[in-house]
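Chemist: Here is how the chains run, residue by residue.
Number of protein chains: 2
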Amino acid sequence: MKRKACAEVGIKSFDVDLLEQVSEAELISKVHELNANPDVHGILVQLPLPKHVNEEKVLGEISIEKDVDGFHPLNIGKLAMKGREPLFQLCTAKGCLELLTRSGISIKRKKVVVVGRSNMVGLPVSLLLLKADVTVTVVHSRTPDPETLVREADIVIAAAGQAMMIKGSWTKPGPAVIDVGTNAVDDPSKKSGYRLVGDVDFQEACKVAGWITTVPGGVGPMTVAMLLKNTLDIWCKACDRALRPYLQTKYPAPSDLSCMALPQNIVLRVWQCHCPCNPNACILFLLENLKHTDAFHLLSNTAGF
Amino acid sequence: MKRKACAEVGIKSFDVDLLEQVSEAELISKVHELNANPDVHGILVQLPLPKHVNEEKVLGEISIEKDVDGFHPLNIGKLAMKGREPLFQLCTAKGCLELLTRSGISIKRKKVVVVGRSNMVGLPVSLLLLKADVTVTVVHSRTPDPETLVREADIVIAAAGQAMMIKGSWTKPGPAVIDVGTNAVDDPSKKSGYRLVGDVDFQEACKVAGWITTVPGGVGPMTVAMLLKNTLDIWCKACDRALRPYLQTKYPAPSDLSCMALPQNIVLRVWQCHCPCNPNACILFLLENLKHTDAFHLLSNTAGF
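Residue numbers (our numbering), protein chains in the order written: chain A, 182 to 486; chain B, 182 to 486.
Keep in mind the hints are simulated off the structure, nothing from the lab. Since the structure is predicted, the reported quantities are computational estimates derived from the model, not experimental observations.
On the chain B side, residues computed to face chain A include the following (Cβ under 8 Å):
1. Leu255
2. Lys263
3. Arg265
4. Leu304
5. Leu311
6. Asp314
7. Thr316
8. Thr324
Every residue, glycine too, gets a C-beta built ideally from N, C-alpha and C.
Produce the complete structure using the sequences and hints provided.
Modeler: Printed below as a string of structure tokens:
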């Protein structure tokens with residue numbers, strides 16, 4: 182999906198395929214090579230890595246300025262702290278908030294329950310929400326009574342990695358339910374022998390929820406869109422650095438031109454439609470699209486890379 | 182209190198007093214000087230800084246290996262992330278957990294409400310608790326109904342910086358209440374004209390709580406003790422680095438001697454006594470003491486610093 186989305190919006194992407202037996206040193210040297218390549222603006226190491234490779238070490242070697250996933254601990258620290266701004270917000274976490282915002286669901290003064298505390302989703306989404314003045318409770322595998330806590334929530338973000346764990350009876354009527362889970366369950370009726378389901382029992386929950394995302398769909402494409410946006414942001418910064426001396430030669434007065442305005446050219450469309458099992462519930466769909474505007478072309482023609 | 186505690190346990194401490202008009206550059210150059218001084222193992226910049234100085238920039242200049250306060254974003258990131266270990270845990274946050282552990286109050290499967298989300302206390306204590314399998318809710322100034330959430334808690338950690346905000350009626354019977362607040366309120370009966378109170382209305386809450394800390398006392402001395410422990414930990418690591426080559430010359434076989442065992446020599450005593458207004462409530466007091474054991478002396482005599 183990432184590859185296709187990149188092609189659609191005009192971001193060149195390429196894969197570096199390595200054998201499973203690759204040594205840690207070889208993998209790190211590949212990361213260093215990409216760090217040093219000025220044509221590469223974003224690096225994403227597809228997880229999980231083989232067991233003999235130290236994941237923390239490899240991720241730590243990605244230049245923080247190209248870490249589009251935003252997994253660097255320095256980035257997480259800045260995400261957590263009041264008054265600090267991370268270089269990148271983690272794609273899925275950012276995507277959850279974007280889905281809410283674009284669906285007109287206000288998070289102000291809301292009680293949000295995040296189910297799961299993974300480095301990839303649960304933790305960063307809680308930190309982002311806390312910074313956005315939300316009252317957050319994090320429910321996890323060691324929480325004695327998750328159901329009671331979920332029932333109090335105005336917004337539920339399910340990121341536990343447990344197929345259909347959250348039943349319809351777990352929520353009060355009307356909350357927004359964002360389902361981050363993607364779990365394969367056996368399904369002999371499918372050619373592949375399985376189908377993908379979320380952490381929420383959709384058939385049950387859509388009868389109770391006010392808003393609910395689908396799996397597949399919903400959070401998945403939004404995460405990819407956020408990855409593209411992070412990549413575009415880095416590219417813009419690189420453009421800015423490359424353009425500045427050129428502009429200063431041509432127009433010695435300080436110029437206001439900054440390509441930081443470019444991300445507005447990303448159009449993320451959230452489609453809403455009614456749920457067949459509950460006419461009051463809306464389902465959030467998403468289509469991402471990055472428009473190649475004139476401004477975009479102007480910059481890419483002017484900058485020498 | 183910090184100065185006195187250092188003297189008591191045998192840690193040399195000195196102050197670098199600068200005028201309020203000090204420039205940012207001058208302050209940073211002082212930090213660099215201390216970073217480079219091998220006799221200095223821990224640096225603490227006393228906050229708040231004057232308004233013309235960028236606090237984030239100054240704190241970011243402290244060598245992460247001497248940042249005994251643990252405020253560096255990289256440290257906070259590692260504190261937050263599963264599978265990562267921070268160089269230091271933030272003193273007050275670590276102190277809250279230590280108070281609970283040393284008082285025999287299990288945090289397992291408990292509901293904890295943290296009131297406040299400051300970089301210094303609320304945020305790091307929530308992150309530490311989450312990592313320790315606790316179900317955490319963070320209540321803050323924008324939470325619509327803090328009282329209801331506090332009433333559900335088995336453990337309340339009050340770090341809002343609001344004098345006596347948490348009333349006795351806010352808690353259910355029996356929780357452990359850790360009061361991190363230190364607020365000055367007018368008191369004409371005192372020579373100074375004020376007295377220090379916590380974020381909890383102690384007189385009311387001690388009739389309901391199972392355990393409660395006092396202000397002053399409780400968290401304050403424990404925070405200082407944790408600062409000493411962080412400093413000792415750094416010193417131990419420096420000893421370890423200094424001793425290793427010496428030991429390898431004397432005893433070519435790999436030696437098991439590691440001064441990482443030293444922190445056990447810190448004795449933190451938690452005294453418990455009954456509260457006069459509620460015989461069922463215990464008050465947590467604390468006295469810190471770092472024993473100069475033989476091992477400690479052996480190392481300081483052997484290492485050449």
